[in-house]
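Once you have looked at the hints, place chain B on chain A.
The residues making up each chain are set out below.
2 protein chains.
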Amino acid sequence: MSINIATAFAPATVANVAVGFDVLGFPVDGVGDTVTAERAWPSAGGNPSVSISSIAGVVSGLPLDASRNTAGIVLQHLIRELDLPFGFKLSIDKGIPLSSGMGGSAASSSAALVVANALLDRPLELDALLGFALAGEELASGCAHGDNVAPCLYGGLTILRSVNPVDVVRVPLPAPLFVALVHPHRELDTRTSRSALPVELPLKDYVAQSSRLAAFMVACCTGDFVLMSRSLEDILVEPRRARLIPAFGAVKHAALRAGALGCSISGSGPSVFALCRTQAEASKVGAAMAAAWGAAGVESDVWVSALSQKGARIISTDLEGNR
Amino acid sequence: MSINIATAFAPATVANVAVGFDVLGFPVDGVGDTVTAERAWPSAGGNPSVSISSIAGVVSGLPLDASRNTAGIVLQHLIRELDLPFGFKLSIDKGIPLSSGMGGSAASSSAALVVANALLDRPLELDALLGFALAGEELASGCAHGDNVAPCLYGGLTILRSVNPVDVVRVPLPAPLFVALVHPHRELDTRTSRSALPVELPLKDYVAQSSRLAAFMVACCTGDFVLMSRSLEDILVEPRRARLIPAFGAVKHAALRAGALGCSISGSGPSVFALCRTQAEASKVGAAMAAAWGAAGVESDVWVSALSQKGARIISTDLEGNR
Numbered sequence: 005m006s007i008n009i010a011t012a013f014a015p016a017t018v019a020n021v022a023v024g025f026d027v028l029g030f031p032v033d034g035v036g037d038t039v040t041a042e043r044a045w046p047s048a049g050g051n052p053s054v055s056i057s058s059i060a061g062v063v064s065g066l067p068l069d070a071s072r073n074t075a076g077i078v079l080q081h082l083i084r085e086l087d088l089p090f091g092f093k094l095s096i097d098k099g100i101p102l103s104s105g106m107g108g109s110a111a112s113s114s115a116a117l118v119v120a121n122a123l124l125d126r127p128l129e130l131d132a133l134l135g136f137a138l139a140g141e142e143l144a145s146g147c148a149h150g151d152n153v154a155p156c157l158y159g160g161l162t163i164l165r166s167v168n169p170v171d172v173v174r175v176p177l178p179a180p181l182f183v184a185l186v187h188p189h190r191e192l193d194t195r196t197s198r199s200a201l202p203v204e205l206p207l208k209d210y211v212a213q214s215s216r217l218a219a220f221m222v223a224c225c226t227g228d229f230v231l232m233s234r235s236l237e238d239i240l241v242e243p244r245r246a247r248l249i250p251a252f253g254a255v256k257h258a259a260l261r262a263g264a265l266g267c268s269i270s271g272s273g274p275s276v277f278a279l280c281r282t283q284a285e286a287s288k289v290g291a292a293m294a295a296a297w298g299a300a301g302v303e304s305d306v307w308v309s310a311l312s313q314k315g316a317r318i319i320s321t322d323l324e325g326n327r
Numbered sequence: 005m006s007i008n009i010a011t012a013f014a015p016a017t018v019a020n021v022a023v024g025f026d027v028l029g030f031p032v033d034g035v036g037d038t039v040t041a042e043r044a045w046p047s048a049g050g051n052p053s054v055s056i057s058s059i060a061g062v063v064s065g066l067p068l069d070a071s072r073n074t075a076g077i078v079l080q081h082l083i084r085e086l087d088l089p090f091g092f093k094l095s096i097d098k099g100i101p102l103s104s105g106m107g108g109s110a111a112s113s114s115a116a117l118v119v120a121n122a123l124l125d126r127p128l129e130l131d132a133l134l135g136f137a138l139a140g141e142e143l144a145s146g147c148a149h150g151d152n153v154a155p156c157l158y159g160g161l162t163i164l165r166s167v168n169p170v171d172v173v174r175v176p177l178p179a180p181l182f183v184a185l186v187h188p189h190r191e192l193d194t195r196t197s198r199s200a201l202p203v204e205l206p207l208k209d210y211v212a213q214s215s216r217l218a219a220f221m222v223a224c225c226t227g228d229f230v231l232m233s234r235s236l237e238d239i240l241v242e243p244r245r246a247r248l249i250p251a252f253g254a255v256k257h258a259a260l261r262a263g264a265l266g267c268s269i270s271g272s273g274p275s276v277f278a279l280c281r282t283q284a285e286a287s288k289v290g291a292a293m294a295a296a297w298g299a300a301g302v303e304s305d306v307w308v309s310a311l312s313q314k315g316a317r318i319i320s321t322d323l324e325g326n327r
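Heads up: the sequence lines are chains A and B, in that order.
Heads up: the first sequence begins at 5 in the numbering used here, then just goes up one per residue.
Heads up: the second sequence begins at 5 in the numbering used here, then just goes up one per residue.
With the rest of the complex left out, here is chain A (with noise of 0.2 Å):
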């Protein structure tokens, strides 16, 4: 017996990580979208399509026509390179707010994905799935960055290799890390964001930056927190993109004077994220920046969680009820 509805929850993600551009990332457990679908069969002589039943939750406004969005158009793919039979029938519920840098559009086509394959006869392995979505990018927004994408469907901190063939690395955290993600009530487009960063680099930034990348993954791999925060410095992309977020160097202040072992913009931002030792000083550091916002005059959301070992999930199916 098969399955014919299910429901599968993708958390944020941070991207970038201060020192990895469009390279690192990792999931925020307790905020992400969830995506629920169903078989849908076509008429007769009809081909297998998606359609968007709903969309919920904290945005408001998005089409409901699958070409548009990135969970649909995600499906739309697989269903023509799989030559599926059905098609799918989705209601989406975004917790992620838009253009926030939390890796909204990865989490629904990721969670997507995720409860698509499990509708499928013959499910995917995750490298094929992270294909799919990397190539559900590629259609949606012209380029295919999967640092978000590959957190997201994978856990864990996550070094993108390869898009070509498909490479993640997981990285070992002996040591237990955890986050503030702090979302200040601000929309910053991923173009303008982008377009904040020159084509070309200096070498000598390179040579700077890939030296603190090599020293934070060091410091990962044997969880040595001193060194861990003498790395965590972006000295490519964070001075580039500090003026588009509103009061960021009173938030990382904040943040590094409450205990912080480093803090940088999550993504192309505006959210802002912090790396802690313990989940205590992860919330002290989230209040902290959220009180920094606040003296600025900007609301903010804060998120405190263990830096999470699981990606994009199946948490419900017709066939088990609630996992």
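Keep in mind that the hints are not guaranteed to be accurate.
Computed spacing ranges between beta-carbons, pair by pair [what the hints assert, rightly or not]:
(1) B:Ser58 with A:Arg247: 55 to 63 Å
(2) A:Ala291 with B:Thr282: 23 to 31 Å
(3) A:Glu303 with B:Pro176: 54 to 62 Å
(4) B:Pro176 with A:Arg244: 30 to 38 Å
(5) A:Glu85 with B:Thr282: 38 to 46 Å
(6) A:Asp87 with B:Pro176: 46 to 54 Å
(7) A:Glu303 with B:Glu204: 52 to 60 Å
(8) B:Ser199 with A:Asp87: 49 to 57 Å
(9) B:Val203 with A:Glu191: 44 to 52 Å
If you are wondering where the hints come from, they were derived from the structure by calculation, not from laboratory data.
We put the beta carbon where it would ideally sit given N, CA and C, even for glycine.
Chain B only, in chain A's frame:
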């Protein structure tokens, strides 16, 4: 009773290591420079100075003028900065060919600093010695690249995270690594090699290369040879410098076919290194590389060793004799 004469050995080093341009490096034991130093007291009214009584070994024609030799320059700088009451009389034995990409300049200055340090009444820490070595490179060549000096002084696979302040990170290697280092009988001036690189790099090349660097760091820390092999790919520097090295493509191909985990240019070349799982494999790989050069009419020397954990060190003093 203090030491009046001592001798130090400093190993050759492989800088860049395919994915860590100007950041990563490691020493290769069995080939290096040796410097003997004796305290030289100035005559009454004179200033302490550095003299070079002889330079022997695999190079010829090097000037004995201390202000034109990196070993002399770093020690002149040391005397000035520490306001030493005495100078040094040096004899240098060069084991490292000139302009070979094997870190000969770094080895001479590192050996000079380590041996001079042994003659000081209050010896300096390694970080301070590295600072002097970098200043010496700056004085000698106009720019300080520490990716040879750091592994030469510290030993092991090193990350030069920061030059100012000096911050060297040693990468843990749970699985031993072996290296074949092959030097073709050609000289390649560092400046020529540098000029093959652009001042600015495409952002997309930066992303691709840094993803490989991050993955290589994880591979080193976890002893994952499979990941190491697929990470050791230089898309940034090697394609731009390969044409400066005769038969580079054939030599690299021979190394990989003989079982190397990875193969690339050592420092600014023309020497080429390969990383291997065992000493036997490294021997086989080194022979294959030399054969490929031989087929192209280029003679070469091969060194095979473990990736050395030992940096520059005192090998004898007038107090203790040979260590």
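Outcome of the hint check:
1. B:Ser58 with A:Arg247: 55 to 63 Å: Holds, at about 59 Å.
2. A:Ala291 with B:Thr282: 23 to 31 Å: violated, 54 Å
3. A:Glu303 with B:Pro176: 54 to 62 Å: violated, 44 Å
4. B:Pro176 with A:Arg244: 30 to 38 Å: holds, 33 Å
5. A:Glu85 with B:Thr282: 38 to 46 Å: Check passed, 43 Å falls within 38 to 46 Å.
6. A:Asp87 with B:Pro176: 46 to 54 Å: Taking Cβ atoms as reference, Asp87 (chain A) and Pro176 (chain B) lie about 48 Å apart, which means the hint holds.
7. A:Glu303 with B:Glu204: 52 to 60 Å: 40 Å Cβ-Cβ, so the 52 to 60 Å window is violated.
8. B:Ser199 with A:Asp87: 49 to 57 Å: For Asp87 (chain A) against Ser199 (chain B), whose Cβ atoms are near 54 Å apart, the range 49 to 57 Å holds.
9. B:Val203 with A:Glu191: 44 to 52 Å: violated, 36 Å
Comparing the model with each numbered hint stated earlier shows that hints 2, 3, 7 and 9 do not hold.
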